[in-house]
Amino acid sequence: MRKVYLDVSMVMIGTSFTGIPRTLMEIVKRLEQKGNLKLVFIEYDSKRDAYRLLRTKEFIDFCDTKTDNRKSIRSDRFITFNEIEENSIFFDCDTAWKNRTRRSFLYPLLKQNKVKIVTLIYDIISIDYPQFCDKSDVMNFVDYLGAALIYANKIIVTSGDTKDAIESQCSSIGTEIPEISIVPLGGDFKKKENAEENVQSSIKEIVSKGKYLLMVGTIEPRKNHKLLLETYQKFLRDKINFVFAGFSGQAMEDFFAKLTADPDYQNGIWHVDNASDDDVDYLYKNCYAMVFPSYIEGYGLPIIEAFLREIPVIASDTGINREIAGERAVFFEQDNSEELAGIINNLLENEEEYKALRERVKGYVPKTWDDTAIAIEKQLLSVL
Amino acid sequence: MPANEKDLKVYAGLFEHVKETLKENGQMLNCDETGFINSIGTAPKKISYKEFENLEGEAFLSCAFLKFFQRLPLDEEKEKCASLSKEEILKYLSNKASYSIRGIELTDCTYKVKPGLRGKILGKASVVASSPKLRKTAKKMPAGIQNKIRGTFR
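Taken in order, these protein sequences are the chains called A and B.
Take the first sequence: its position 75, counted from the start at 1, is 75 in this note's numbering, and no numbers get skipped.
Just so we're on the same page, this note's numbering is the position in the second sequence counted from 1, plus 1000.
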């Protein structure tokens, strides 16, 4: 059976399992279940300057249950970089640019040792929109993407938008375009039973205050929360409530200062930090619509999450949002609060139009994680 | 393994694109290109001084920070290093918690660069502080306190 090495160092020190860690977990547990590849999970250890071998079963259990058993996952066996076997596959699908083992260091070694490299690139926001990112992260991403472009046998992306962005980047820097395959992510997350019983009372209270628009995602500049706040303050105060659900990210001091200074803060406009999955599920199910004004997204999972609950989506008109939402969403020009307010006012005033929008999202069937895993496996085997 | 010239052009192309995009958006990239290019291919632990001893000024500083810590220097760190010699900069960096945490070994260097007591203590403390449970708890603390903790172990 073909060996596939996965460096999961970042997942092994992570504290939250949404976004990329969640994607990695959904994929690997299915690959392991299929049993066609021998997955070898490894974690960089700075004391030994080597990869620690992780216990497969325990790591898969962790992916499945998210129960923190990380001590039991770690074995006391190590391999050096050069001991990654010839003709095996090194599949990078974690947040590898944050890893201590720089890909500009590791990939040439692997290549020299005839290891096939497959890199899953979720997006290249750090390259095309560095203004929204931490500059040290950007430098690390340049290192990672550069290495992937030079050394990867195959690059997997999750959207046509990211494929186009990488190809355009290659053309502009005059380097050969690598082989890139698109594998969309799944959206069929496991539903918990009795989820509503676990919802915090404060969340239920917000929902009880009346119709609200929901925005889900980390509070960070590229998500453009400030546009929603401006739309509320200029056009929609007293017409509909707003809820921002997401962790507080970096460089958002101005936004939070404006938000908390608003007279309707906590009584018309809320920020829900540290919401559980059950809280977010409850907020989705009860919202009037999900608004998604981001400048750029890697994938736009909240759009899928809203559709799964048959909730209308009003999104900024970007390539990735169009690709993910298709004809089901309503789009507005990026950064145009007046147009956004016009759409919302129109829906509030015309019940029929709102019903028609709800009809559009009925019967949405997302790609499944099983589909994703099957496609990933096919791509991995194709490099041999 | 040192990258060849053709490969370095890929990294340089990406760097320049990022720098230009930031400029168009009214932001500056606080990183010298030569410093960045010299950080390409750095090993995680054993770092050879030969790889960057010939760099000067901003290039040396950017490169040292990227090689050791995979981050750019903060304004106050740049200010602090502005008047220091290369040897003093290396000693300053080796006394940071992150140097011990990462277990960095600077090789091919004639200067005596070893983590100081502060670095060693914080390095040991970080083992405890980096437990996922404690980090999860810390993430619930106010942003100011979180920044203070991050700064201590930087």
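Worth flagging that the hints you see were computed from the coordinates, not collected in a lab.
Certain hints may be false.
With a straight-line cut-off of 25 Å between C-alpha atoms, the simulated BS3-like cross-links for lysine-lysine are [stated by the list, open to error]:
hint	chain 1	residue 1	chain 2	residue 2
1	B	K1009	A	K114
2	B	K1136	A	K163
3	A	K239	A	K285
4	B	K1050	A	K47
5	A	K111	A	K135
6	B	K1136	B	K1124
7	B	K1046	B	K1148
8	B	K1091	B	K1124
9	A	K367	A	K191
10	B	K1050	A	K66
11	A	K135	B	K1045
12	A	K258	B	K1006
13	B	K1023	A	K47
14	A	K47	B	K1091
15	A	K29	A	K239
16	B	K1148	A	K135
17	A	K111	A	K38
18	B	K1133	A	K29
19	B	K1133	A	K98
20	B	K1148	A	K111
Outcome of the hint check:
Restraint check: the Cα-Cα separation between B/K1009 and A/K114 comes to about 24 Å, which is no more than 25 Å; the hinted pair holds. Among the hinted pairs, B/K1136 with A/K163 is inconsistent with the structure: their alpha-carbon atoms are about 34 Å apart, more than 25 Å. At roughly 20 Å between alpha-carbon atoms, A/K239 and A/K285 fall within 25 Å of each other, so this suggested pair holds. The hinted pair formed by B/K1050 and A/K47 meets the criterion: a straight-line CA distance of about 23 Å does not exceed 25 Å.
Proximity of A/K111 to A/K135 is assessed by CA-CA distance (about 29 Å); at most 25 Å being required, the pair is judged violated. For the given pair, B/K1136 sits about 19 Å from B/K1124 by alpha-carbon distance, which is consistent with the 25 Å threshold. Restraint check for B/K1046 and B/K1148: not satisfied, since their Cα atoms lie roughly 29 Å apart, outside the 25 Å limit. Between B/K1091 and B/K1124, the direct Cα distance comes to roughly 19 Å. Compliance with the 25 Å bound is thereby established for this hinted pair.
Taken as a hint, the A/K367 and A/K191 pair is honoured in the structure, with Cα atoms around 16 Å apart against an allowance of 25 Å. Between the alpha carbons of B/K1050 and A/K66 the distance comes to roughly 44 Å, so the proposed pair goes past 25 Å and is violated. Using a Cα cut-off of 25 Å, the hinted pair A/K135 and B/K1045 holds, with the two alpha carbons roughly 23 Å apart. In summary, the hint linking A/K258 to B/K1006 is not supported, as the alpha carbons are separated by about 49 Å, beyond the 25 Å threshold.
For the given pair, B/K1023 sits about 40 Å from A/K47 by alpha-carbon distance, which is inconsistent with the 25 Å threshold. For the hint pairing A/K47 with B/K1091, the CA-to-CA distance comes to about 21 Å; that is within 25 Å, so the pair holds. At most 25 Å may separate the alpha-carbon atoms for a hinted pair to count; A/K29 and A/K239 exceed this at roughly 46 Å. For the hint linking B/K1148 to A/K135, the alpha-carbon distance of about 20 Å falls within 25 Å, and the restraint holds.
A distance of roughly 20 Å separates the Cα atoms of A/K111 and A/K38; the hinted pair therefore holds under the 25 Å criterion. Distance hint between B/K1133 and A/K29 is fulfilled; the C-alpha atoms sit about 24 Å from each other, no more than 25 Å. Our distance criterion of 25 Å between C-alpha atoms is met by B/K1133 and A/K98, whose separation comes to about 20 Å. The hinted pair formed by B/K1148 and A/K111 fails the criterion: a straight-line CA distance of about 41 Å is larger than 25 Å.
This entry does not satisfy hints 2, 5, 7, 10, 12, 13, 15 and 20, going by the numbered hints stated previously.
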